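Using the sequences plus the hints, can you model the full thing?
Chain by chain, the residues:
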Amino acid sequence: MTELVDEFPKRWSEPFSNQMDNEQVEYLLEKMSFIDPKRFPNSLPLHGIFKNDCRLRSFKPGDIIIREGDYGGNAFYVFEGEVCVVRKPGLPEAMLGRTTIKKKNAFFAFSQLFSKNITEYRGKDVAHGDYLHPDQETVNLYDSPMADKVFQGPNHPITNKPHLSSKYHAISLQPGIWLGEIAALARVPRTATVFAQTDVKVMEIRWQGLRDIRIYDADIREKIDAGYRSSLLKTILSSSPYFAHIQDDKQLNEIAYQAVFESHGDFEWSQSYKDAREQGNELDTESIIVHEGDYADCAFIVAGGFGRISVRYGQGHRTLNYLKSGDVFGIYELYDTWKNSDRQTHPSFQTTLSTLGYLQVLRIPAKIIHSHVFSKDFSYHELNLKALNDFSVAENALLEWAIEKRLINGTQVMLIDQERCVRCDDCVRACANGHDKNPRFIRHGHQFANWMITNACMHCDDPVCMIGCPTGAIHRLVDGTVVINDEYCIGCSHCAHSCPYHNIRMVEIHDAKGQLIMDEKSQEPRLKATKCDLCASLPGGPACVRACPHDALKRIDFQNLMSLS
Amino acid sequence: MQEITRLKRLRTNILISACGLLILFFIFISTIEQKNSLGIAEIWSGYGLLVLLLLLALFNIKKRLSILPLLGTGYGWHQMHIISGMIAIAIYFLHVESWWPPSGYERWIAACFYLAVISGISGLIIQTYYPKRLTEIEEEIIFERIPDAVAEVREKAMHEVESTVAITRSETLLRFYTESLDHYFRRPQFLFSHLIASQSADFWIKKHFQPIRHFCNKDELESLQKLEVLAKTKNYLDQQYAYQLIMKLWLFIHVPSVLALLLFVFWHLLLVNIYAL
Amino acid sequence: MKYQNHNFDQSSYERPHCQYHCGRQRFWKKSCRQGPDHKGRCGGHSECNPIKVGDHYECTRPEHAGGPCQSPNPDGSCSQQHSPCQPVRNLKFWRRHISYLVVVAVIVLIFSFSFAQIAFFKNTGIADIMLNPGPLSAQHATFTGQQSCQNCHTNHKDNFSDWFMSAFQHNDLTAACTECHLFAGDARVAHQGKLSNDRKTSLAEHNNIECVRCHTEHQGKTAELTHSNNQTCSNCHQNSFSDFATKHPPFAKHYPYRQRQAIYFDHLKHLEEYFIEEQYLTIKRDVEFAKQASQSCSSCHNIKNAQRAVKPKSYTQICQGCHDYQIKENQLTLLTTDLELAELSPITLSLMDESITEDPDQAATIFLEAIAKGEMKSLFNLSEQQIQQLWLGFNPIEAQLVAKSWASGESYAPEIDDKEDSNKLSGWFFGEDSNGDEAIFYKPKGHADIILRSWIEQLLLISRNKSNEHIEAAVEQLMEQKGPGSCGKCHAAGLNDKQLNQSSFQFSWGYASKSETGTILYSHKPHINLMGSEEGCDNCHQFNRKADTVSYYKNRGKNPYEYQNPFSDIRKESCSECHTQDQIVSDCTTCHRYHGPSSYKIGFISKPHIGGN
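Residue numbers (the numbering used here), protein chains in the order written: chain E, 1 to 565; chain Z, 1001 to 1277; chain R, 2001 to 2613.
What the hints contain is simulated information worked out from the structure, not anything from laboratory work.
Source: prediction; values computed, not measured.
Even for Gly, the Cβ is constructed at its ideal location relative to N, Cα and C.
Please note that the accuracy of each hint is not assured.
Partial list, computed: chain R residues near chain E (C-beta under 8 Å) [to be verified]:
#, residue
1, R2015
2, I2051
3, T2060
Below are the BS3-like pairs computed for lysine-lysine, each with C-alpha atoms no more than 25 Å apart in a straight line [said to hold, decoys possible]:
#, chain 1, residue 1, chain 2, residue 2
4, R, K2092, Z, K1132
5, R, K2029, Z, K1226
6, Z, K1063, E, K104
7, Z, K1063, E, K554
Pairwise CB distance ranges, derived in the manner of DEER restraints [unchecked claim]:
#, chain 1, residue 1, chain 2, residue 2, range
8, Z, T1005, E, E80, 55 to 65 Å
9, E, K223, Z, Q1002, 44 to 54 Å
10, E, Q523, R, N2007, 23 to 33 Å
11, R, P2084, Z, A1276, 55 to 65 Å
12, Z, R1006, E, W338, 36 to 46 Å
13, Z, E1136, E, S263, 42 to 52 Å
14, E, R312, Z, I1137, 31 to 41 Å
15, Z, I1196, E, Q523, 27 to 37 Å
16, E, I177, R, N2073, 52 to 62 Å
Here it is, written out as structure tokens:
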């Protein structure tokens, strides 16, 4: 075994699992002999990837391997046993171990007027659950045997054999397949639930390892790309308003084949963002995908990440707006050309498209757009960028600043107008009232002019906090709200560390008498991750917005900031 | 978005104002009609005022029930509170018909009412003016954290002085701190002058830091500069403290006076029904 | 310098519901990490609970609190200790606290100065601030006393439940007012029954008006209880106006002479004939007075005491000089005889028993026989008292002598014994009267002769209930200028009018001044002072030469309210010459009043004070 040298990836200083000894590595090399180790450089040997980026796992029948809707940075390769994939519409939430959030009613609202105020009391089940505190010596959670149990949820295992029921679209798969690789690489939610039908043995690999294998192994790359095209690309296309009308599979395949998937910027933008902020450095300069004035021969659909749309202004570039997952760039210019095809004009992009952190796009050639998208009845879905240009620099300044700070990630950014806010804390109090007198945000944060972006969860479009949760406690609801399930949270603080905006906090929980609940082994207080949940358990949405008596507090999406509608 | 929210606020205000004026008009007409027919004119204005006062007081309860969407928005209630207050003033004078009652407990009611009104209007002015002033200060700090921040600034200042003294072996800065700065860094100062947007604090800093320069060596000058920065930071904290304190303190007059007023009003209602009606 | 760190591990939630903060904040020091618990106990003075690992102790301070310190103490105690604090409470707590204190203070204040007053300080009057809405007016304060709230507020008691429950019952303050105040009519009815034609409210609303609607007490010692303004009047009167001169409606027809006076005095005749023509200025009359009277109204009318009416002076002052002789000249004859046939006068016949007077001749004979026996009083169907009044001074002995004399066909000549007899000018006479007939007659003493008045009143009393030829003839005689005592000459209306004063059976002998029961508040005095006593009268009182006044005094069938006054109606223009916005501003109560005459009920002063001494 080659010893670790300085050229090896930095991440290998914190291996995915401590359990991967040489024996297990050899086992993997044998089982995955279809991957040629010779293709891998010395600085990134295959056995190194197996040792540092992988681990072996076993599942019993009914165990959930991948849960639909979860964010995960890991992929799986099935060695032994049969697994079952449940396609849309998928299994009910309860079967997947997700607790449905019960809405509280008016009685609760009145009763909390008189209830006692015990700081961070979570009820006896949550407080005294037998969860292990993460080992302080490592941050590796996956060695914890309890993590598996919790991950699978209270209804573990799936015993009602959905694969035998005609109600669900469940398909059995034989060993020798990859699972979850698209979601891991593209950082999109898991598209389907996969559970063990029989005793199953898998290799779990984190996305960095998979990415590196993909780079050096052409077969793997082709397989992954093919899978990408067949699932993710088509999903992106059919969810785009411009392609949604195309029902014919053949057409979609043709378009998918012509489309090019591109990835720009730093996939781990959140970490570099945090580092830059902590050190007070400027964020990295963005890579430009399309310059203003370039020949417009294609359109782009954003598959992931964020892109900036800007125009030249003086010595710099002035931001008009930004793009996020699902948005389209370049349609306007192509349509203009198509409409005035008799004039023989050369289409050129009116704005510059650049990366904000990282950006994954689908580049679609112009002729595809012309033939499949444009028609007499065509209409735009995007904002009129020209009209946005009419705003003064000062009016646009907030958006510009938010983009600089990567705050545009949020879909429910808590924006407080400090000139209207009288610092009464009614918003905090309302939040606390809805959560057993425990507030879920702090009324402080970055400030630009009179606008403050408060430290409240923004329910990001790209929820990097969700990656790496060992138990799946932090998950996303159908409407996009990111919530933490108290029962399953083991207080590892992975999400809190991951959140680039420091919107998740670890709190010490108390018992009914108000005493701290201590971990017996480490004598440290038990922690739980907490954050704004958009009042998911309350009727009527976020209470903070309703509570503000001066209309100072808003939950916004920055894309709508400059909307003219 | 700003335009949309401003239009929404305008719509809310217009709606509430219209309702309020309608109520005022109705009570006014009813009172005049009663007067013109030898009826009890005060009945309409009295009960109308009572209902308005209860509605005004309900604002406090609503704040604790923000999680119920049916009760509407805080902004709507706040505007209703202000407009109801204005209308209550009009109805009060319609009811009482004098500036100051002849004697007895009605004077207590009048006193409480005036106190509530004056404190309410003052609060409205405070809440309009001071947030803008606060926003203009460097950086925002939560009110409850100001003592910690003041302590930190003080610690830094003391540490700066101690470390300089240790290096230079000169007691200039130590004496300067003890004589001039110790009191300043101990707790928020110049509160009143901040409230009236006076520059007294800046002036004080300049007045104290300027003369001592003559007696400082190079190291001490460097340290003095850092101390001045800390003093200015402390000044910003004091401003924050002053503004945020006044934005909380006005309620110390408003809420108790309203409670007293409500009690006196119920007493008045009882007495009127026992002795007059 | 950055004030706040936003990092998740360096700033924790601010909890507005937790009222406690670390006590170090009181001294502007840095608060500890743990903070007080929800019960306000200090969070502890050590920062961790060291655990034993092998043979040494290790710090367990979590990362978010700063991570492990260098080392705990050898005995296992934390090396990062600080003294415990006394947690401070937040501002919201103090605001709530102050609010509670204020609430308690107000409740104590209300209780002490209300219930305590009723229950404990009954007589002192010092502790009723929370009950008393203001001092009483001077009028009520002086007699009700400080503590006698119950004089008006009957539910002011020290029994709490009764007192409280009275809030749900109607409180009749008007009953309390009318315990002492008396009005002519029902106090609750508008104007005590006199209603205006221009009212705008319904009759029902008129019948239940409470005193407090216009009279507000507890407005202070100097408050005018009786004050009211134009608006009060316009509550019911639709003709509300702001300016008398332009907006007040015209005065009613016949104002102020709505009814005929009791005394028939023809002003024009007197002023243009009787006072100045030579034929009337005979020796029998007071010529000097007549001359004076022809020039000035104040000769006859009493200006000094002018109120609503400028009353004429007494008979003796103004009428006697000319009319006294007429009175004395005209006697009341009961019976005349030519010694063969006696004839009773109509007045006698009217008063006698009807069964006797069917045959007047027979009646005369019976009368004379009765006189001879001294029993003529029994012929009259009257009570003993009435008969006594009629026959006052009648000498029955002499009457017998007269009767005997006439029965024997001789005229009667009275014996005059002494000077008194020879100078007797009035009284009962027997024998030859002024017409030369033998008669029984009565000569009045002068004006307002009692006996003559009794005979006349008795006649009129009977005429109200009965009517026959004798009564008619008697009344007719009475009205003549030369009727008995010439009473009918001037007192025509009073005597004539069946409708006058029916309820009290009192006759309008005298001048009846304009009823003070009305709602018009006019006083002559200030007007006379302003305009002068001589020239001023003409401004308002002008003669109506077209008026047929006589017929209303003489003709019994006429409606006295329809009579034509010798003076023209007084019009608004007479008043609005001066009562304008530029000169004398008037509101309703300058000339009108709501209540008629009012007084106090007898015994109200002796009403015991409730709670008084």
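Consistency of the hints with the structure:
| no. | hint | in the structure |
| --- | --- | --- |
| 1 | R2015 | 6 Å, holds |
| 2 | I2051 | 5 Å, holds |
| 3 | T2060 | 5 Å, holds |
| 4 | R:K2092 x Z:K1132 | 23 Å, holds |
| 5 | R:K2029 x Z:K1226 | 21 Å, holds |
| 6 | Z:K1063 x E:K104 | 18 Å, holds |
| 7 | Z:K1063 x E:K554 | 17 Å, holds |
| 8 | Z:T1005 x E:E80: 55 to 65 Å | 59 Å, holds |
| 9 | E:K223 x Z:Q1002: 44 to 54 Å | 51 Å, holds |
| 10 | E:Q523 x R:N2007: 23 to 33 Å | 25 Å, holds |
| 11 | R:P2084 x Z:A1276: 55 to 65 Å | 59 Å, holds |
| 12 | Z:R1006 x E:W338: 36 to 46 Å | 39 Å, holds |
| 13 | Z:E1136 x E:S263: 42 to 52 Å | 44 Å, holds |
| 14 | E:R312 x Z:I1137: 31 to 41 Å | 36 Å, holds |
| 15 | Z:I1196 x E:Q523: 27 to 37 Å | 53 Å, violated |
| 16 | E:I177 x R:N2073: 52 to 62 Å | 59 Å, holds |
Of the numbered hints given earlier, the model fails hint 15 alone.
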